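Following the hints, position chain B against chain A.
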Amino acid sequence: MTPTGAHATTGTPATRRLGLVVCVLLVLLVLSGLWWSAEDVVQGSTVRIMYVHVPSIWVAYMAFALTAVCSGAYLSRGTRSVAWDRVAGASAEIGVLFVAVSLVTGSLWGRLTWGTYWVWDARLTSTAFLFITYVGYLAVRRLGGTLRQRARRSAVLALLAVLEIPLVHFSVELWRSLHQEASVANPNAKVEMDGLMLFTLMLGLATFTALFVWLVLHRQRVILLEDTVADRGLDEAIASRRDEAGAR
Amino acid sequence: MLIVAVALVAGGVVVTKFLTSAIDYYCNVDEVGVRRGCDGDRRIRVQGIVRRDSLEKQDGSTVFTLEWNTKTLEVSYLGDPGGVFQECIPVVAHGRLVGEGFDSDRIEVKHTNEYVEKNETRFDQANNEAAACSVSQE
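Top to bottom, those sequences are chains A and B.
So for the first sequence, my numbering puts the first residue at 1; every next one is plus one.
So for the second sequence, my numbering puts the first residue at 1; every next one is plus one.
With the rest of the complex left out, here is chain A (with noise of 0.2 Å):
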């Protein structure tokens, strides 16, 4: 496939229906979480944090095990696709741009708070310590080699780094952290949160996923753009390497 023509965009009429859904949902998050729903009765306005920090780490995990899963595919002999690769490689990027957003808007909420923008105590150090870990599987992608080699061994790494999930999120029941219990996903599944106020992180969490989807689609074809013109660059460099050695 060549980046010509119609092939040179990313974005198809289904991606672009997709972006406005996204832009809806954004619209609403923004209303719900600044207008609609109440402050809360120790936090006031800061517990609005919670409607970009909650779905942000969420969109990460789930970027990460989409990640995994495909380089799972990749990794096995029947599925062996580099498409697999770019997919693991676009949402990896996005995960660890999620992570960021999630550490920074984490950060502010504790200062606003707890008093404080950070403690070393197990659910902040070990999401310190993914998002590290993700910033080095994306080195490790950049390393290069052909595209099979670079797939292999982030593929590898991709499958060990997800382990730490599990750590990141049950880090809070494992260990005595600052940092509070999950009020949705804990092992409890007890969800002490009023009506508009988890009304509003759902809205979250389907907005963020729906612009995690919206935003691996487009990252993965540019990806691809970029690996068929690294190959057109090789292509005709062996090309001129050729022909300096039909004119000795």
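If you're looking for bench data, these hints aren't it; they were derived computationally from the structure.
Hints are not guaranteed to be accurate.
To be verified - Some, not all, of what chain B presents toward chain A, calculated at C-beta under 8 Å: (1) Ala7; (2) Val15; (3) Val98.
As the structure is a prediction and not an experimental result, all values here were calculated from the model.
Backbone N, C-alpha and C define an ideal beta-carbon position, used for all residues, glycine too.
Chain B only, in chain A's frame:
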């Protein structure tokens, strides 16, 4: 290669900080001087709930009683704790035992995972105040 090296170093720093910061972030009030790692002769972090009607401001200091499982600890902090510090809320105090009290130089508020809309409190404030001080002590 440079980015991989930087990521490895950063990962090492994070793990080291975590291990030196203690895997369990705090000791509960009833564990001070009892549990290993919660010894009274060194700098520790103590978690408990700020007892109702115990909060006082004295000459620029904040004085209050931390409570956990019927055990109490008198805490003195120079200044005004930040965050949503108030009575009936769990906090982590950093500092040292001095006599029978605890001299703290850092207070962190450990809010719970319960979220209650503010407008509901207008109808039954008394109930909410009672609930706010009934944080599970497990």
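Failing hints, ascending?
-> 3
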